[in-house]
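Asker: Protein chains in written order, with my numbering: chain A, 457 to 794; chain B, 147 to 483.
Derived by calculation from the structure, the hints in this document are not laboratory data.
A virtual CB, placed ideally from N, CA and C, is assigned to each residue, including glycine.
Among the hints, erroneous ones may be present.
Selected chain A positions facing chain B (Cβ under 7 Å, derived; list incomplete) [to be verified]:
1) Ser465
2) Ala617
3) Ser624
4) Pro769
5) Ser775
Which residues of chain A face chain B? A partial, calculated answer using Cβ under 10 Å [as the list claims (entries may be wrong)]:
6) Ile503
7) Phe504
8) Ala612
9) Ala614
10) Thr677
11) Leu776
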Amino acid sequence: MLNTIKHSSMLKTIINCIALLMLILSVVISISYGSTSIPFETVWSAIFSFDTDVTSHQVIQEIRIPRAISAVLVGAFLAVSGSIMQGMTRNPLASPSILGVTDGAALSLVIMLAAFPMISSMGLTVASFVGAGLAVALILFIGSFSKGGITPVKLALAGVAIGTTLRSISTILSLHFNLEKEVGFWLAGELSGTSWSSVNILFFSGIIGLPIAFFLAKSITVLSLGEDMATNLGQNSLLIKALGIISILILTGAAVSVAGVVGFVGLIVPHITRFIMGTDYKWIIPSSAIFGALLLVLSDLVSRYINAPFETPVGAITSLIGVPFFLYLARKSGGGDK
Amino acid sequence: MSGNSNSKKRKFFGISFILIALIIIMIFISLRTGVISISFQEVIETIFQQGSDRNKLVLFEFRLPAIILAILIGIGLAVSGAILQGITQNELADPGIMGINTGAGLAVVLYLFLSREGFVVSSIWMMPVAAMIGALFAAFLIYILAWKKGVSPIRLILVGIGINAGFAAFITIFQLKMDPQDFRQVAVWLSGDIWNANWNTVLAFLPWIVILIPLVLRKVNALNVLTLGDDLASGLGVNVERDRQILLLLAVALAGASVSAGGAIAFLGLIVPHIARKLIGPLHQYIIPLSMFIGALLIITADTVGKVILAPTEIPVGIVVSIISAPYFIYLLLKAT
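Build out the structure end to end from the sequences listed, making use of the hints.
Answerer: Structure (structure tokens):
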């Protein structure tokens with residue numbers, strides 16, 4: 457018994473290491489390929505012997521590297537948010553984009569940009585946290601009104617309806633304040649606007665959000681077994697949920713403020729991770745961060761190639777990957793046989 | 147029994163009369179609303195051929211076709227929603243939520259792209275056909291993917307949402323292959339804007355409504371039986387699957403044609419049949435005509451509100467409709483067991 461656990465945890469570690477290596481490899485590819493391809497040696501020298509006079513060094517330092525790091529962090533944040541949501545609510549359809557949280561953050565960004573055109577990117581990030589928080593509050597509020605408790609599917613449908621409404625309001629404001637370009641960017645989900653300041657925002661949000669997530673992992677495992685079980689084990693579910701929500705807000709809010717609404721990463725990665733890593737969130741949360749990062753870096757690469765030399769919003773790529781998966785989940789959990 | 151049905155008939159005619167009166171009032175309000183304001187008196191004068199040339203141009207060449215188009219779109223989407231809700235016995239069904247509208251939108255985008263590249267002939271008459279093919283394809287896909295020894299209402303919606311997201315992603319990818327000017331137009335149109343409203347669009351769209359609606363009205367009895375559920379319907383000797391397929395085809399065709407004329411207006415087909423059922427009860431010979439009137443009234447009202455509320459910015463009618471209707475959808479969702 458002990459042997460199998462040890463064995464399986466070794467296996468999991470190996471899988472994580474392989475995923476991490478793949479991530480590093482795809483980051484390197486992502487840095488070296490683009491509208492102009494830059495050989496690996498130049499990438500190497502741009503990092504370790506940077507020369508301001510060389511254009512390709514500039515491109516790598518100022519555009520490619522911050523973009524790759526942003527992709528890694530945004531993917532990781534969305535995937536971890538999705539894992540926490542699915543674990544806490546025991547809802548296989550829960551994820552930041554399905555439940556309208558990303559749309560709440562985007563609406564808040566639009567409002568702030570309309571009211572204060574000169575707002576700093578830090579201010580926008582805070583607005584994004586607040587918007588994500590209001591969307592979560594709205595969905596919890598609606599959930600509490602449902603007859604006989606809300607089922608996973610109903611919660612997802614309500615989330616989609618809330619998301620649609622919030623997105624409509626964003627569109628109206630963008631038309632009125634001539635912000636179509638910025639808002640179109642946020643609603644489509646793009647990584648092309650990332651810079652070192654995006655990395656800073658993501659970094660500081662991650663320093664707060666991720667440790668909370670890791671700290672909660674054990675409690676989420678218990679919660680995912682059922683609320684009764686958690687109470688029996690003497691766990692303060694309310695506190696755990698509150699902390700979980702805070703972590704979701706910070707991670708999702710930061711991701712949206714940098715890359716806009718990138719859908720489906722938070723939905724599919726936790727499922728894949730659970731399939732490989734089992735039911736223990738001590739493994740699921742770190743692994744989903746790695747897998748989410750990998751998914752977004754690869755999607756970003758595809759998004760640059762599919763329509764070259766133009767860039768396709770990365771959100772469209774993640775949707776195309778995510779939709780078949782969502783359909784599979786819908787067939788599986790969409791209410792009984794008939 | 148016969149007395150009961152007579153009083154129902156009287157009630158139906160009473161409600162219809164009120165709705166038509168409201169539609170006419172809204173048409174007048176809508177005619178005078180816009181960037182160039184025209185007073186009621188001027189509207190009346192112009193209608194009786196006494197107005198200035200400028201007013202004639204604005205009213206007859208811009209506003210009137212837009213209003214007539216809106217009315218037709220409202221009718222098409224509302225009836226489509228009423229049929230979908232009837233045949234799926236699902237009060238959450240709507241061509242917008244289920245991705246049928248987005249399917250039609252994708253087909254129109256593809257058609258515009260192909261005609262721009264010279265692969266197909268560009269013609270306004272072909273747009274409804276392209277949209278209908280897209281809508282049929284989406285409906286087919288949703289039905290197949292939601293099928294699992296039958297189609298559960300919730301699963302149908304859930305699959306529809308997925309299909310919707312997928313088509314939307316394809317549209318985004320296509321966006322970059324199009325001329326920026328074209329794409330901007332398409333983007334606004336997809337959010338439910340009555341785009342390109344002129345008499346030609348009206349004429350291209352009108353035949354679909356004129357042909358399809360009477361066909362639907364001929365099928366109301368089958369629709370009533372189907373609403374009772376499959377077991378009861380086949381017990382009554384109705385060929386359930388055949389009737390369902392014909393009605394589904396009609397609903398999809400109506401939605402597709404409406405999308406080609408007015409963009410993807412979501413939620414209209416959802417709430418209108420609900421209002422109609424609240425007013426008149428479950429019989430489709432009453433629900434379908436009332437849905438037509440309510441759909442028309444709602445869409446002109448939403449269009450006028452969209453023009454006024456943040457003037458001079460005009461808000462696409464589809465966005466106004468979804469802001470009004472999405473909360474109602476959530477309410478229905480929570481009520482459903």
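Asker: Now, for every hint given, state plainly whether the structure supports it.
Answerer: Outcome of the hint check:
1. Among the interface hints, the one on A:Ser465 is violated; its C-beta lies about 35 Å from the nearest C-beta in chain B, farther than the 7 Å criterion.
2. Hint status for A:Ala617 relative to chain B: holds, with the closest Cβ pair at about 5 Å, below 7 Å.
3. Against a cut-off of 7 Å between C-beta atoms, the interface hint on A:Ser624 holds, since the closest Cβ of chain B lies about 4 Å away.
4. Because the closest C-beta pair between A:Pro769 and chain B is about 6 Å apart, less than 7 Å, the hint holds.
5. Of the supplied interface hints, the one on A:Ser775 holds, with its beta-carbon coming within about 4 Å of a beta-carbon of chain B, less than 7 Å.
6. Of the supplied interface hints, the one on A:Ile503 is violated, with its beta-carbon coming no nearer than about 31 Å to a beta-carbon of chain B, more than 10 Å.
7. The beta carbon of A:Phe504 is not positioned within 10 Å of any beta carbon in chain B (closest approach about 36 Å), and the interface hint is therefore violated.
8. Because the closest C-beta pair between A:Ala612 and chain B is about 7 Å apart, less than 10 Å, the hint holds.
9. With its C-beta approaching chain B no nearer than about 5 Å, A:Ala614 sits inside the 10 Å limit, and its interface hint holds.
10. Residue-level restraint check for A:Thr677 is violated (minimum Cβ-Cβ distance to chain B is 27 Å; threshold 10 Å).
11. Taking 10 Å as the C-beta contact cut-off toward chain B, the hint placing A:Leu776 at the interface holds, the least distance being around 5 Å.
Figure legend: structure checked against the earlier numbered hints; hints not met, in rising order: 1, 6, 7, 10.
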